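Asker: Here is how the chains run, residue by residue.
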Amino acid sequence: MIRKLKPALAAAALSLAILSPLAMAAEEQFFPLIDYRVGPYGSNGQAFYGGFIDYLNYVNLKEKGVNGVQMTWEECETEYNNAKGVECYERLKSKAAKSAGPIHTMSTGISYALVDKAAQDKLPLAMMGYGRTDAVDGSVFPYAFPLVTTYQMQASAIVKFIKDKNGGNLAGKKIVYLYHDSAYGKEAIIAMEAEASLNKFTLVQIPVAHPGNEQGAQWLKIRQEKPDYVVFWGWGVMNQTALKAAQKVGYPRDKMIGSWWTGSEEDVVPAGDAAKGYMAATWNVAGKQVPVIADIQKVVYGAGKGNLQDAGKIGTVLYNRGVSAAVLSVEAIRKAQEKYGKGKAMNGEQVRWALENLNITDARLKTLGATDLLPEIKTSCDNHEGSGKVKIQQWDGAKWVPVSGWIEGNKGLIHPLFQASAKQYAKEKGITPRDCSKEK
Amino acid sequence: MNFFLEVLIGGLLSGVMYALVALGFVLIYKASGVFNFAQGAMVYLAALSVVGVMEKGAPLWLAVILAFVIMTLFGIATEKFVLRKLVNQPPIALFMATIGLAFFIEGLAPMIFGSEPRALELGIVDEPIPWILDNWNMVISKFDLVAAGVASVLVATLALFFQYTRIGRALRAVADDHQAALSIGIPLQHIWAIVWGVAGFVALVAGMMWGARNGVQFALTFTALKALPVLILGGFTSVPGAIVGGLIIGASEKLAEIYIPPVMQDLFGGNFGGIEGWFPYVLALLFLLVRPEGLFGERHIDRV
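Order-wise, the sequence lines are chains F and L. Take the first sequence: its letter number 354 is residue 354 in my numbering, and every next letter is one higher. Here my numbering = 1-based position in the second sequence + 440.
These are calculated hints, taken from the structure and not from any lab test. Fair warning: this is a prediction, and the values are worked out from it, not measured in the lab. Glycine included, C-beta positions come from ideal geometry on N, C-alpha and C. Any given hint might turn out to be false.
Unchecked claim - For the chain L half of the interface with chain F, some residues (derived, Cβ under 8 Å), not all of them: (1) Glu446; (2) Glu561; (3) Ile564; (4) Gln657; (5) Gly709; (6) Asn711.
What the hints assert, rightly or not - Coverage of chain F stretches by chain L, computed from C-beta distances (three or more under 8 Å per stretch; other residues unrestricted): (7) 236–250; (8) 296–304.
As the list claims (entries may be wrong) - Below, computed lysine-lysine pairings styled on DSBU-like, alpha-carbon distance capped at 35 Å: (9) L:Lys520 <-> F:Lys276; (10) F:Lys226 <-> L:Lys582; (11) F:Lys276 <-> F:Lys255; (12) F:Lys255 <-> L:Lys582.
Model the full structure from these sequences, guided by the hints.
Answerer: Here it is, written out as structure tokens:
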């Protein structure tokens, strides 16, 4: 009897041996991490991607993955270089064919280079607070998601903050828009001009050439203009240089409000006392008081699986932002599983659907212990941003302190700008936009 | 007029900061006839050494001394492991070696001292001098004046060193012809080690001034970008030329940034500005057409 069963048993054992790794692989959700930890902006990347990976590890350790599906990832170093970003994408895309979490490049340049490729390969590209902002219009950009906030909505929210500080009236005021003379810096101009026209304030635009380590002329001009506020769109060394130069010409730092790229510890600490009082936009608070941040330190670092070499970065603005990006990404995986099958790894198309149908409420954020790491987010086919809200934080000389609640930019003013730009893009590329009314 | 003067003086003082970086290039070029692509990286390494040592608890003075030791050792190591093998090779080979050196430093320095941007406090506040502000309504920074003083002392010392010391003369001989210098008994290895050590010291001074001004971070490597047009104007072989070139570039780019964009906007509409990134290079290019050796550079004449 046993002799008769032997071939069958052997075949069954062989089948199991072949199939079990496949079955195991099917329970892993892969994240292609096109990141940077070295090079000019390596310090920013270390904190952001450290937070991102720590949260993925946290989900694996705390709840054994999402419905049993373990989070896995592979990193590829870009050094914030567009060509290397594309190379990394090409290297990782085959691994992401079966299951893919959202791709976060933390680089507008790399995102621009990947928008078309990601759509072709059906891989979702997340651009939280950066990247191609007209991708808010998902009818033209199904695979690109400028989530949470865009440069334009952020600029609009900053103007609203200033307006509220001035009794709701900006007529007759003068605002300088000091910006990095690049695509990034120029993105918000259209929003600032629209706000200036609507609120009847004078807008003075002053560009700074890359890298921005010399701003003497610009700040003498600002001194001459005597603006009521300076809205600041800096990057890298330009940020510290601006704060120091403001001190040099005696411009008050509490009249300067920057974009989120200018609002991390890395941006203000090197400027020393010159940064005290300076304000910047953000969508996540800093600090370890956020329950999930404290729990990551306990669970992940307690298990010796922390990603950061320097645990002192835990709780910094960019670390918490990395966690906030991972929270959003994991929630998208959860959402996709609800529709396509719990306990299964989700592919790019399925995650794309989830990113377009996110509904992360304050109650959900509280459950996750992530209150104030993100605003409420509700995305749709025609709104890939999902929020448009930021907070304003102020540097007190030692830490960032929130000085406002959530402020939403003027969606009625700004979103039509995206739609017009997306329409133009569709025309240039010969894309037929989806009918969002038919999307669910 | 007051504003014009304010921009002009601010530009001249910025130019001194550019000259500080340009000096390092001049030193290496004088001694080896090669453009040292790694000078910006050396500025970064020097400043990072200071803050790195300070983070271990050392006071500023000790950190500066230790950073100087690091830069000197770096200079000696560069001579021993990189340049010695390239004696009598064409300048392009040495230039390529300095490109490799730049990438090596840019990778190694943050691995040792960390890559996060840090503040460097030298005890000189970058604020306007109240007396000038009150009486002339002009912003002249204390920090910039100190930087100008430091640069002046450095230039005077280096100019005297090159002109009146045996080592200085030997440096110039080596720059003219490696083989001829060797044949008359000039110890090429020692000379190169010394000059790379001195260039390391200049990088340390530049790194401390730029680091105190903008923070110690990777972007210090970009300071080299500002030094290139200075060198073209002042001449690659002249120490005083670096200062004069720096002053011209600093003043002209600031004046251009203030006064050209409004004219362009009136003529063509749109938004101009941010021109100080390219303006010095255009100026240097024009200068190259009329005086390729720079204001103070040595005119090269070949016998036919």
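Asker: All hints are to be evaluated individually against the structure, with a verdict given for each.
Answerer: We went through each hint and held it up to the structure:
| no. | hint | verdict |
| --- | --- | --- |
| 1 | Glu446 | holds, 6 Å |
| 2 | Glu561 | holds, 6 Å |
| 3 | Ile564 | violated, 12 Å |
| 4 | Gln657 | holds, 6 Å |
| 5 | Gly709 | violated, 13 Å |
| 6 | Asn711 | holds, 6 Å |
| 7 | 236–250 | holds (count 9) |
| 8 | 296–304 | violated (count 0) |
| 9 | L:Lys520 <-> F:Lys276 | violated, 47 Å |
| 10 | F:Lys226 <-> L:Lys582 | holds, 22 Å |
| 11 | F:Lys276 <-> F:Lys255 | holds, 11 Å |
| 12 | F:Lys255 <-> L:Lys582 | holds, 24 Å |
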